[in-house]
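With these hints in hand, go ahead and build the complete structure from the sequences.
Which chain is which? The protein sequence lines are A and B, in order. Under our numbering, the first residue of the first sequence carries the number 1, and numbering increases by one thereafter. Under our numbering, the first residue of the second sequence carries the number 1001, and numbering increases by one thereafter.
Among the clues, some could well be false.
[Claimed, not checked] Straight-line C-alpha distance at most 16 Å; calculated EDC-like pairs for lysine to aspartate or glutamate:
(1) K18/A / D1196/B
(2) K18/A / E1011/B
(3) K8/A / E1213/B
(4) K1156/B / E1143/B
(5) K1031/B / D1268/B
(6) K18/A / D1244/B
(7) K1248/B / E118/A
(8) K8/A / E1320/B
(9) K1052/B / E22/A
(10) K130/A / E1143/B
(11) K1248/B / E1213/B
(12) K26/A / D1196/B
FYI, nobody ran anything at the bench for these hints, they're computed from the structure.
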Amino acid sequence: MANKKNKKLTPVQQEYQKFQSEREAKRPVFKNCVKAFFVGGFICLIGQFISSFYIYFFDFTERSAGNPTVATLIFISMLLTGLGVYDRIGQFAGAGSAVPVTGFGNSVVSACIEHRTEGFVLGVGGNMFKLAGSVILFGVFSAFVIATVKTILIQWGGL
Amino acid sequence: MLKGHRTWEFENKPVILGTAAVGGPFEAQGKIADDFDFLHADLWAEQDSYEKAQTVLFEESCNKAIEKAGVRKEDIQFILAGDLINQLTPSTFACRTLGMPYLGLFGACSTSMEGLALSAFLVNGKGAKYVLTGSSSHNAANEKQFRYPTEYGGQKPPTAQWTVTGAGSAVVASVGEGPQITSATIGRVVDMGLTDPFNMGGAMAPAAVDTIEAHLRDRQIDASYYDLIVTGDLGRIGYTVARDLLEKHGVSLSEQHFQDCGLLIYKDDQPVLAGGSGSGCSAVVVYGHLLNRMKKGEFKKMLVVATGALLSPLSFQQKESIPCIAHAVSIEYGGGS
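Take a look at the structure:
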């Protein structure tokens, strides 16, 4: 893969890129993974608390508590985004705060805030899903494909 | 005039009559806060959009530079300015207010020195008596155009840089007291095939090295001729790469002798990763901090090499590599010439 990419480069470019990458600060991958694991886990822990809260104090079952829990988490992440805190958490935690549903909320709200100055329709409305849009599109599409496969296997495959 | 292949030597010694630097709140916490003429406590600069705020920053720096130069607004014949926003709107809109004959420039973050070189050329060739030149950038406005939303919680790699909120301007004149512009070297577009927009320093370093070498070759001087060679916004990675690359090519420079505006502007504990960047970066550091130090007599001869990455968000998405450029201008003060 790397070789294929390098083929288009001239020898001088290749030599420089090697020279450059020796001096480039590398992403601390292991450290980032550990941080992501703990922060991500902590967000899930909060989610579990919220979920238990709804089950214990309100009339929710373990199954039906999912929706209000997600809504609450997204609300919190939107609030933190608006207060300018979430991007700092993101810089620290990386995937830990990007992968949970809170990261999704953050990507929507940050785009809204960013484009507020272009008005509600062309700005907020038009750019709201500029980051999250492709997640929704490919998420829904892959769910459709999986559901189709499942249907074919169960209905006609007799599994 | 033309010396060597792409260097202008200015025999009439255009003078930098007055300069001004304006910064934002993050720059106010930085290392060189005292060298700014104005610092805004708020990124919005009392405007209702960041783009308007950038316009205001630039306007303020122009007005202050004119004031400090001790000339009238009507005396300025041309203004040469640019920034990183699409269609150069902050510079253009500021010039709408200033009402001067205007030439818009785009050299990405190298615009400051592109403007200074051309201004000196105009003044030296008697095309003008007073020329105003400057460049600006705004963290939120530029990140909006080039990167993710500012509040988006994506993790930036350690090679990423922080766009400076600030504007710097200078009045270049044919006569007067002040630092003199002695020569300028125009850069080539250099592309080493790097594609990571979060590592601009690494992409820009070869352009800086190319221009520095061309400058020394054209003027037939040694690097030791200058007391200070300063690059625009290479940041930590690009700075190291450029220094090692120069060393490899037989130009050895010490850490005192070779510096970078992107590393001079912020404190080490500020979360800017590899350092500052943006077209305002070299403008505020040179027109504020470095010229102040020069006037204090800390050094006499300085070569400023402003570096620019000539990419667009579109070219990046279409998987194009990042072409880069660097323009060099030499400034001398108190050399006795």
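Evaluation of the provided hints:
1. K18/A / D1196/B: holds, 14 Å
2. K18/A / E1011/B: violated, 42 Å
3. K8/A / E1213/B: Not satisfied, since the Cα-Cα distance of roughly 27 Å exceeds 16 Å.
4. K1156/B / E1143/B: holds, 13 Å
5. K1031/B / D1268/B: holds, 9 Å
6. K18/A / D1244/B: Since the Cα atoms of K18/A and D1244/B sit roughly 13 Å apart, the hinted pair holds (cutoff 16 Å).
7. K1248/B / E118/A: violated, 49 Å
8. K8/A / E1320/B: holds, 12 Å
9. K1052/B / E22/A: violated, 41 Å
10. K130/A / E1143/B: holds, 15 Å
11. K1248/B / E1213/B: holds, 12 Å
12. K26/A / D1196/B: holds, 13 Å
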